[in-house]
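Trainee: Sequence:
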Amino acid sequence: MDLPQEIDDYLRESLEYALGHPVSARTLELNIRSSEETQRHIRDQCFILKSKLSEKDRIIQCIRAESSMNAHALKKFSEENQKLITEHTELLARCAKWDVECTLYERDIEALKEFGNQADERAKEAESRVLCLEDETSKLWEELQSLKKLSEGEFTENILIDTFISSFINEDEVASASLSFLEADSRVDLCQKMLKIWDGLVLFLVFFIPWIITINNSNTYIKNCV
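Residue 2 is where the sequence shown starts when you use the working numbering, and the numbers rise one by one after that.
Just so you know, the hints here were simulated from the structure itself, not pulled from any lab data.
Source: prediction; values computed, not measured.
Some hints could be false.
[As the list claims (entries may be wrong)] The calculated DSS-like cross-link candidates involving lysine-lysine, where the alpha carbons are at most 27 angstroms apart (straight line), are:
#1 K114 with K125
#2 K98 with K84
#3 K98 with K114
#4 K125 with K140
Work out the full structure: start from the sequences and follow the hints.
Mentor: Next comes the structure, spelled out in structure tokens:
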């Protein structure tokens, strides 16, 4: 391969200089030019390297800042993690406490359900007793009304008997006054019965009038004493 003329001359003169032969001005010029070119190239390389170093320094500074931020964030994360661990422990303790409370609450619910069932049963029993008492009350009320009617009837009959006997005792015309009295109250059962046995009753009352007076006086005395 053929070398350029300048390179060939440079090599040749370099060999001659090494052998002690004098160097031509042209060779020296070429050497100077080559040195200048080399320096220029070195300066360019230094400038490039400086730029790269500056960029690397900038990157290093960014990495340092980022590392510092990451370290701060890591420290904060560690603190938050420790806080979360503490809160987690507290929550576990609360959960255990709530589990106990839930168990007690479930027991209370079961007890309340049982109490509610017992209350329902008692309510049903009470309702049944109320119905029975209402039936008994109704029956007692009917009996009371019957007794009241019977008492009123007996009271009316006693009044009629007293009035009838008094008419025999106090009136001169015994038969006519008594008969008029019975006929006026003929709707009363006792008066109807007495009208049917009127003839025998008149003889009975006339015959036993002294005893009737005595009994009447005794009843009056007893009432006054009471």
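Trainee: Take the hints in turn and mark each one as holding or not.
Mentor: Do the hints match the structure? See the list:
| no. | hint | result |
| --- | --- | --- |
| 1 | K114 with K125 | holds (16 angstroms) |
| 2 | K98 with K84 | holds (21 angstroms) |
| 3 | K98 with K114 | holds (24 angstroms) |
| 4 | K125 with K140 | holds (22 angstroms) |
Of the numbered hints listed earlier, not one is contradicted by the structure.
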